[in-house]
Amino acid sequence: MGFKFVLLWTDAALWAVVLAVAIGLRRWLALPQSRATWAKVLHDAPAACSALVLSLFVVVALADSVHFRRALPAAQPGAATAHDARVESLLDLALARQHAMRETSYSAPLAYLGITKESMVRDGQLVRDHPRLVHGGAHLADPSSQWAGDVASRALAGAGGGLLFALAIVALVVAVQRRAFGSAAAAWRAIRHDRTALPLRALFSTVVAVSLLVGAVAALAGHYHVLGTDRTGNDVLVLALKSVRTAFVIGVLSTLATLPIALALGVLAGYLKGWVDEVVQYLYTTLSSVPNVLLIAACVLMVQVALDQHPEWFETGAERADLKVFLLCVILGVTGWSTLCRLVRAETLKIAELDYVQAATAFGIGRARIMARHIVPNVVHLVLISTVLSFSDLILYEAVLTYVGVGVDPSMASFGGLINLARSEMSRDPAVWWSFAAAFGFMVTLVLAANLFADGVRDAFDPRARSRRARLRRGVVT
Amino acid sequence: MGAYIVRRLAYGLAVLVGVNLLTFFLFFTVNTPDDMARLNIGGKRVTQEQIDKWKAERGYDRPLYWNAAENGGAKLTRTVLWERSVSLLVLDFGRSDSARSTDIGHEVATRMGVSLQLALPLFLLQLVVSVAFSLLLVFFRSSAIDFWGVVLCVVMLSISALFYIIVGQFLFARLLRVVPISGYAPGLDAVRFLLLPVALSLLARLGGEARLYRAMFLEEMGKDYVRTARAKGLAEQSVLLRHVLRNALMPIVTSAGAYLPYVFLGSLVFESFFGIPGLGAFVIDAIGGQDFAIVRTMVFLGSLLYIVSNALIDIAYTWIDPRVRLA
Chain H
33 MGFKFVLLWT
43 DAALWAVVLA
53 VAIGLRRWLA
63 LPQSRATWAK
73 VLHDAPAACS
83 ALVLSLFVVV
93 ALADSVHFRR
103 ALPAAQPGAA
113 TAHDARVESL
123 LDLALARQHA
133 MRETSYSAPL
143 AYLGITKESM
153 VRDGQLVRDH
163 PRLVHGGAHL
173 ADPSSQWAGD
183 VASRALAGAG
193 GGLLFALAIV
203 ALVVAVQRRA
213 FGSAAAAWRA
223 IRHDRTALPL
233 RALFSTVVAV
243 SLLVGAVAAL
253 AGHYHVLGTD
263 RTGNDVLVLA
273 LKSVRTAFVI
283 GVLSTLATLP
293 IALALGVLAG
303 YLKGWVDEVV
313 QYLYTTLSSV
323 PNVLLIAACV
333 LMVQVALDQH
343 PEWFETGAER
353 ADLKVFLLCV
363 ILGVTGWSTL
373 CRLVRAETLK
383 IAELDYVQAA
393 TAFGIGRARI
403 MARHIVPNVV
413 HLVLISTVLS
423 FSDLILYEAV
433 LTYVGVGVDP
443 SMASFGGLIN
453 LARSEMSRDP
463 AVWWSFAAAF
473 GFMVTLVLAA
483 NLFADGVRDA
493 FDPRARSRRA
503 RLRRGVVT
Chain A
12 MGAYIVRRLA
22 YGLAVLVGVN
32 LLTFFLFFTV
42 NTPDDMARLN
52 IGGKRVTQEQ
62 IDKWKAERGY
72 DRPLYWNAAE
82 NGGAKLTRTV
92 LWERSVSLLV
102 LDFGRSDSAR
112 STDIGHEVAT
122 RMGVSLQLAL
132 PLFLLQLVVS
142 VAFSLLLVFF
152 RSSAIDFWGV
162 VLCVVMLSIS
172 ALFYIIVGQF
182 LFARLLRVVP
192 ISGYAPGLDA
202 VRFLLLPVAL
212 SLLARLGGEA
222 RLYRAMFLEE
232 MGKDYVRTAR
242 AKGLAEQSVL
252 LRHVLRNALM
262 PIVTSAGAYL
272 PYVFLGSLVF
282 ESFFGIPGLG
292 AFVIDAIGGQ
302 DFAIVRTMVF
312 LGSLLYIVSN
322 ALIDIAYTWI
332 DPRVRLA
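Chain order of the listed sequences is H and A. Residues in the first sequence are numbered from 33 upward in steps of one, following this note's numbering. Residues in the second sequence are numbered from 12 upward in steps of one, following this note's numbering.
It should be emphasised that the hints constitute simulated quantities derived from the structure, not laboratory data. Keep in mind that this is a model prediction, so the values were computed, not measured. Even glycine gets a Cβ: it sits at the ideal position worked out from N, Cα and C. Errors might be hidden in some of the hints.
Claimed, not checked - Label-pair restraints from in silico Cβ distances:
id, chain 1, residue 1, chain 2, residue 2, range
1, A, Leu24, H, Trp60, 44 to 50 Å
2, H, Ser443, A, Glu247, 57 to 63 Å
3, A, Leu163, H, Arg496, 54 to 60 Å
4, A, Ala196, H, Asp161, 39 to 45 Å
To be verified - One-sided and incomplete, this derived list gives chain H residues near chain A with beta-carbon spacing under 7 Å:
id, residue
5, Gly34
6, Val322
7, Ala431
8, Val432
9, Gly437
Assemble the whole structure, with the sequences as input and the hints as a guide.
Here it is in C-alpha cells:
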C-alpha cells in the first residue's frame, strides 16, 4: 500500500507559518523584556485558558493539513501505480471509523433510528416507520430498552477516562510545583486559593472540562453519531472538525497576506514622508473607500472565472477547492491591509521623531538600515496585536462570505457551509437542528477563545491602549 | 471652511477615479470582455458571432484602454475605459450584463428607499441602545454588573450574525409566529416585516459596540475635568450624562460613522435572509448571477457614499465640538 504525499497550497503556507512562528518566538523569547511581556499574557487567566483551548484547535487543524493520496491496487501486474483521486489527511485517518459509519440520510444526535420514515416489511406486513440506522447504535439488539443505558454507560466511562487523564496532568503539575512551595500539600493549597503566578486553578478547570467532554465524545463516537448526520449521511462531528482547518487557514493566511504590504508601505510612508506618504495615503484611502464585501466579491468572481477556464491547473477536486481558498486568503489580504497600514504609519511618524532615531541619523546610518533596524522592530507589536485581533473577525467573516456565495468552495467543509445548510434544514419539519448546533458550538468556542486570547495579548503588548476588559476590584470599597 | 470643502471634494474625486480604475482593471483585464460574454451567454458552444453581438449590445466592442484606429483625442475617448468611467461619474449606470438587462439606475433608485427603511431606524437605534448600555456599564464600573456585562458583550460578539438570524427566525417567526418569516410590503405594512431584522441586527452588533464605547467612556473618565466635576459636588449621573457623554461623543461619532455608507447600501445578509428587496439583496443576486455591471456600479456607489459620509462626519465634528476648525 503506497502513499503519495500531496502538498496543497494552504498546507505549505500553514506549515511555513508554524515554522516561522516557532523560529520567531525562539528569537523573541531570547530577549528578557519580551519574555516578560509574553509571561504577562500567560499570567492572565482568560488568556491562558483560551490559549490552551486554541492549541487543541491548532492540533486538529495541523493534523488535517498533512495530505496524501492512497495508491490504488494495480489493475494488471507491471502497470504504473495509479493514485486514488480522493485526497485524505491525517485527521481523516484518525476518523476512519467515523468516515466508514456513513448513513443514508439525516439522523439525530446519538440516534439509532433515521429521521425520515420509509416503507419496510415487518412480520409480513408493509409498514411505514423510521428505519434503523446502518451504523449508529447498530450493536444494540433491542434498542428501545438498551439505548439509554448504553449511551449513559459509554458516556460515563469516557468521561471517567477523561477525568483520570486530567487528574494525571494535575498530579504531574503539582509534583513539579512541589519544589517551589516546599510540599505537595502547600502547592495544592496555593493552587486552590489561586495564589500561583500562572493561573493554575483556571488552567486545571479548563483541562478537566475539556477532558471530560473529549472523553465522553470519543467513547460514544465509535458506535453513535454524536452530533447526528447530514442529508447525505455524513457524520456532522467529522464535518465540524474538518471545518476547523478551513477557519484556521482563512484566519491565519489572510492576515499573513496583509502583513508585508501593510508593514512595508506603512513604515515607508511614515519615515520617508513627502510624496511617498501622499501616495500611500491615497492608496489606502481608495482601497478602504470601497465596501469590503463588494470588493472581495468582485475579486472572487474574477478568480472563479479564471479557475473555470483553466481546468488544467489541478489534478483533483481537493486541489481546486484548496487553490480557491488560498486565493480567497490572498484577496482578503490584498483588500484588507489599509487599517494596519494606517496604524503602522502613525506609529512610525511618532518613532521617527524619537531621540534614538535622530541619533542614528546623526551617525550617518542609511535610511534603509534605520527603517530595518530601528523602526520595524518597534512597530512589530502592532502587527502582532492586529494579527490576533483580526483572526476571530476573519473566522466570522468567512461564514458571511460563504453565505453570500463568494467564500469557500461548497465541496470543502467550512463553518459557513454548515450554517448555509442549516438554514434550510431548520425550516424542515421536524427541524434538523444539529448541524446548526454543531457549527454554533465549534465556532463560538473557537472565536471566543481567540477573542479572549487577543484581549490578553493586546493588554500585555500595548498597555497604553484602552483596555476593553472589566475587572472586579477585590476588597476595595470605592 | 469653504476652501476645505472644495479640497475635500477634489480629493474625493481623485479617490473615485482610483476606485474606478481599480474595478476596471479587475473586471476587464483579468478577464477579457470575451470571457465575460461567454459566461453570460452560457452553454457549451458559443460562437464568435454571438460574442460580438453581446459585446456590441453592451458597448464592450471597443479597445479597452487605447483606440489606435481613431484620431486625436478620440484615441482616448472612444475606448471602453473612457466611456464606462465617464458614464459612472455622471451617475448613468447603464444596463446590467445579464440576459434581462435591467436598467440599473432605476433599480438602485427604487431599492435604496427600501434599504433606507431598514437601515436608518437601525442606525439610530443602534447608536442609542449601544450608548445607553455602555453608559450603564460605566455607571456600575468595577462592580459585578460591569464585569458580567462585559463578559456578555464578549460572548455576544463571538457569535456570528448568521446565528442570530437563524435562531431569531426560528423562534419568533416559526415557533411563536409573532412576525412573518420573510418578505416585504410597502407602506406602513413594512413595519411588521422590518421588526425582526432590526431587532436581530441590533443584537448582533451590540456586544462589540457597547464594549468599544465603554472603553471610550472609561478613557474620558480618567480626565481632569471629571475630577473637577465630582469635586464641585455633581452627582455621578450628571457627571456621566452632562460631561463625559458629550466629550466621548467625538470618537463615538467616528466609529458609528463607518456604518453610514451601509445605511444606504443596506445589509447584504439581513436583506437576503429576510427577503427584503433592498440594495443588499440586489448585490447578492448580482453576485449569484455573476452580473459584473451591477457589482461594478455598487462598488462605485459604495465608495461615493463612503467619501460623502466621511466629509459629513468631519463637518459634524465642528458642530459637536466648536473648538475643531477645518482648514
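The hints, checked one at a time:
1. Leu24/A x Trp60/H: 44 to 50 Å: Holds, at about 46 Å.
2. Ser443/H x Glu247/A: 57 to 63 Å: holds, 58 Å
3. Leu163/A x Arg496/H: 54 to 60 Å: violated, 27 Å
4. Ala196/A x Asp161/H: 39 to 45 Å: Distance hint for Ala196/A, Asp161/H holds at roughly 43 Å.
5. Gly34: violated, 38 Å
6. Val322: Where the cut-off is 7 Å and the nearest Cβ of chain A is about 5 Å from Val322/H, the hint holds.
7. Ala431: OK, holds: Ala431/H within 7 Å of chain A, min 5 Å.
8. Val432: holds, 6 Å
9. Gly437: holds, 6 Å
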